[in-house]
Amino acid sequence: MPEPQIEETSAALLEVDDLRVSFRTRQGAVGAVNGLSFSVGKGEVLGVVGESGSGKSMAMYSMMGLLADPNVTVTGSARFRGQELIGMPPKRLNRLRGNDIAMIFQDPMTALTPVYTVGWQIVEQIRTHTDLSREDAWARAVELLDEVGIPDPQRRARSYPHEFSGGMRQRVMIAMSLACNPALLIADEPTTALDVTTQRQILELIRKLQARYGSSVILITHDMGVISEIADRVIVMYAGRAIEEGDRSEVVRRPRHPYTWGLLGAIPRPERRKLPLATIPGLPPKPTVTTVGCAFAPRCPFVMDKCRTILPPLEASGADIDHLDACLLPGGAEREAIRKEVL
Amino acid sequence: MILFIGKRLGSAILVMFAISVMVFLIFFATPGVDPAARIAGRGASPEVLAQVQKTFGFDQPLPVRYGLMMDHLFIKQDLTSYVNVGEKVVPQIVQATPVTLSLVLGAAVIWIVLGLGGGLLATRFRGTFVDPLIMIVGIAAVSMPAYWVGEVVNLITQDKLHSTVFSWVPSLGYAPISDPVQWAAHLVFPWLTLALLYGGIYARVLRAELVTAMSEDYVRTGRAKGLSERRILWRHALRGSLSPVVSLFGLDFGSLVGGSALLTEVVFGLPGIGKLTWDSLQNLDLPVIMACVLYSAFFVVAANAVVDLLYAVIDPRVRHA
Amino acid sequence: MTEAASEVILRADGVVKQFAQRGAGRATIKAVDGVSLEVRKGETLGVVGESGCGKSTFGQCITRLVDLTAGTVEFEGTDISKLSRREMRPIRRRMQMVFQDPYSSLNPRMRVGDIVAEPLRIHKVGGDRAIRRQVGDLLDRVGFDPSMAGRYPHEFSGGQRQRIGIARALALNPSVLVADEPVSALDVSVQAQVLNLLADLQSEFGLTYVFIAHDLGVVEHVSDRVAVMYLGEIVELADAEELYLAPAHHYTAALLSAIPQLEGDELPLREQIVLTGDVPSPADKPSGCAFHPRCPAATEICRVERPTLRSVGEREIGGRQVACHHPIALPMPAVRKQ
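Residue numbers (the working numbering), protein chains in the order written: chain A, 1 to 343; chain B, 1 to 321; chain C, 1 to 338.
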């Protein structure tokens, strides 16, 4: 395959700039992603966290050309190794998808075609992108199944998806996604549909394989706990925008955006058993309502007048220049003091 | 597998038994039906009537009469008509079967091609004018009654344009398959007429199934794998969408071979099972009715068994259930 | 806890629920396999376990939404396990359920006010005006303006619908609320709202909760005592705090260590236990201790003999119970019983 001639100047594997996704509906255009910018470095695990409707999945799907709906408009830029993904013709995109960029999804029950054996589906993946013979591809599929911890892979390759449990199916999905050694793996809520003990296994597996293959991973989840276990860097999304971004421990230990405070405070913790949880009043904004200013303003306990008119930029407000947030509250130690009152 | 076939055969026999008993009872419970009087003819003397009753066993109790009829139909195979006295029933069925089979098989091939093609095309070109066009043609085909289409076709091919374009079309009727060219020439318009109706239905059903399948998660997985849209449609979406089409086909095929192609047969003058059943019903000719109904039941049950087998081939989940 | 608070309000004894499996073979699945426990007045008893552990079926057993195969359920002193539908009616007023799916548990064609009023009308509590006033109160109590009564469920979000479901459950002033995964379909921030609401209502009305969920973090947070279920059986039953600090059953330990931890949380020192394999299907439940194929401490006896739930720890009554041949030693004195 001819590599793109653009030189990889930075360490970034994927650079997303001002990504916007909007849907045409009867009520007019609805913005699902409203100007999202981020980058993923080589070998990095980026966690994208947000509640339902925050646009986290939509952003990834739009980049990957998985929103085949004619009512969807995607603008902005997403460059993978310098190649622009937005608007890339399907033929070229198909050479990237599954080969350089792989995806796994939330529900392993429905993500595999029910009428083919899992071996067949992995072979299909391999042979779409390589010239391997059927036999070699089969052998590789068995090898992959073994690698993701499926017992008796030789036999299990001939089993159908419904003959696997949820956790095992997610392993199959992971095996399939790794088939072509992708440089980037996008995992969309990969453990949400699984039991906790299975979730633990899958997270360990992703971590192990990520270390072995050195792939970059974008992990989309609503669960701060999952993020905290696996991500190097975290983006918190709200209403189609990134509102906080930084190193995992920075965001988890010293979050700077009031929404992140609420999100972390809402998680039940054993040491605060039976005490009321911190909550975020109200509801996430409906995408049909376009807000001027900060989208979180109506729910924010610290809202100021200017929040309703000025859209806060995503920028560093503290000592750590890599820790960004989109909030108009005073930065530095002052912000830290406000946080300590609530979290 | 053997168990499956055994089970199916068992249930087929059970169904046929139940149907035959029902037909039998309904026939004798119908007021004004006295087979003896029919056989003996109008104004026969009581002695003749009694004689007829005795020879045909009408004086026996019902279960014995039923047994006798089954014996004549299946074992001795010499059951005779009550109406055309002396005419044996089994040869009539044997004669009519190839006509109906020829008609339905040929039509089935055409409608399957039309239906699958239409459904696939409509799905592939969803969002363009092709999709609604195919669907409108489909609904139009479904809406036109077969006998009307048949008459129009006949009007054109046998009359209006018979001297020019359609001079090769033979007159109505059936030609045995021993002369394949004549056979096909006689059947091509009946085929098309019958296939038009079913092709329309199948295209619509398949399109609905495919559209649902194309929004499934595994289709998204296929796209994320880098598969082409064509491959996703043909290899992933189509397979699962075939199940309802196959079950529909089983029902349609079974009932058509069993005699539901009656209207087409009548319009094109084909002496098939449908026509035979129709005539026997008109004459209340129990032996022929019984033979036709059992024959038909057999095909419906057999077609359903084949459908179940195909189901298991198409969808592995069924195999283990 | 006061003397009155430890009064047992609901007692399950040897509850078994068996389902016939579809298809040939005529195999049966024991979804609940001999569960005994007591719920005390005013407490929150958490029931936690992974998919297929029978926790939801157990919830339906104690509310008699399904018939029991064996065992008894005693509610406020009466055995309700064999009552007929009609005889259950007055009981239902006192024991209500809240369901997981806030989307399907509300009739989409009914106005919210009518949904909340329905139990009142069924049980003929007061006249039209009284009912309307009460509905207003209930809606207000779960955080809605009473003027919302005229709206339909689809106009509400998941968390709001769950609150409507809670208002409906509260309409008849029950003493026990059985909540089956009430927050698992909700976003974290909304989940916290509902959990806080449930806690407020409990202290306000003196409610008793049976809180069924798969998320041990949530169950730990809301419960006084926690029952851990695995393949239809209770494997451990203990005070929530004790359970969290020192699990006695290896499965509990694995569950606890599987909860994703937020960095910076002060955790009790805990070994990371990653279980192998998935939860087996209840249809082919392992012999002996059902957990033995995945258990790090399993020995021969675990394969053969099913351990019974027995008390360990210092308190004989109301203390910790565990069903294990080799329980993890508790960091307290007077543990050794073997």
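Check the hints yourself; a few may be wrong.
What the hints assert, rightly or not - To give an idea of the interface, some chain A residues facing chain B are shown, with a C-beta separation under 7 Å as derived from the structure: (1) Leu66; (2) Pro70; (3) Val72; (4) Thr110; (5) Leu112; (6) His162.
No lab work stands behind these hints, which were simulated from the structure alone.
The beta-carbon is built from N, C-alpha and C at its ideal position, and this holds for glycine as well.
Each hint, compared with the structure:
1. Leu66: At about 6 Å, which falls below the 7 Å cut-off, the nearest Cβ of chain B leaves the hint on Leu66 (chain A) intact, so it holds.
2. Pro70: 6 Å, holds
3. Val72: 13 Å, violated
4. Thr110: 4 Å, holds
5. Leu112: At 6 Å from the nearest chain B Cβ, Leu112 (chain A) passes the 7 Å test, so the hint holds.
6. His162: 5 Å, holds
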